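Everything in the sequence shown is counted per the UniProt record's numbering, starting at 1 for the first residue and increasing by one.
Calculated pairs, BS3-like style, for lysine-lysine (alpha carbon to alpha carbon, straight line, at most 30 angstroms):
#1 Lys90 with Lys132
#2 Lys132 with Lys175
#3 Lys186 with Lys132
Hint data in this document are derived by calculation from the structure and do not stem from the laboratory. Please read all numbers here as calculations on a predicted model, not as lab measurements.
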Amino acid sequence: MPAELAALLSRTGLGDRAAFATLYRSTSAHLLGVILRINQDRAQAEDVLQEIFVNVWRSAGSFDAARAQPMTWLTSIARNGAIDSLRRSKARVQTVSSHVGSAEADDEADLVEQVASDDAGPLQLLQQAAEKRELQHCVGRLSAEQQQCVALAYYQGLSHSEVAEHLAQPLGSVKSWLRRALQSLKDCLGRAAAGQG
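Model the full assembly from the supplied sequences, consistent with the hints where possible.
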């Protein structure tokens with residue numbers, strides 16, 4: 001797969017639209033997943049994905065297979081694009097007119113008071129804190145190898161082979177650790193949801 005992606009990037013760098021389309025089909029789902037882990041707004045994430053592929057089209061010629069794995073390079077572009085999109089959205093000033101109509105309309109309702117807050121309410125915050133504690137508890141029960149694999153695969157967006165390369169471990173071991181880690185997390189969180197701790 002890395003060799004195929006490297007070839008697609010190389011051909012894309014030369015302006016090959018068919019190679020670019022194949023590269024998009026092969027990697028877009030994975031890259032969208034990486035973006036969604038950083039920016040959960042699906043519409044924004046899809047916009048970021050499109051921006052990323054425009055950047056890939058422009059900069060594919062600069063990809064050097066000797067310096068990076070193709071998916072690592074693409075994931076890095078996706079992660080940076082997602083972080084930039086979050087920064088941009090936080091920097092946007094959002095305004096609300098506080099009054100409708102003329103200044104004489106004293107009995108008009110204040111619109112600012114009617115705008116619902118997007119912030120989590122007390123019950124949601126409590127539930128989120130409980131879920132976070134349960135998840136931390138369940139992750140803490142994993143072996144060190146499993147924790148490393150899960151972090152690299154699901155928080156850094158690395159493929160199984162990239163995780164194996166990063167940890168200098170056999171691919172079969174990494175796949176086994178991940179499979180057992182996910183099953184253990186599923187079981188632990190299932191017990192927590194059922195109130196069995």
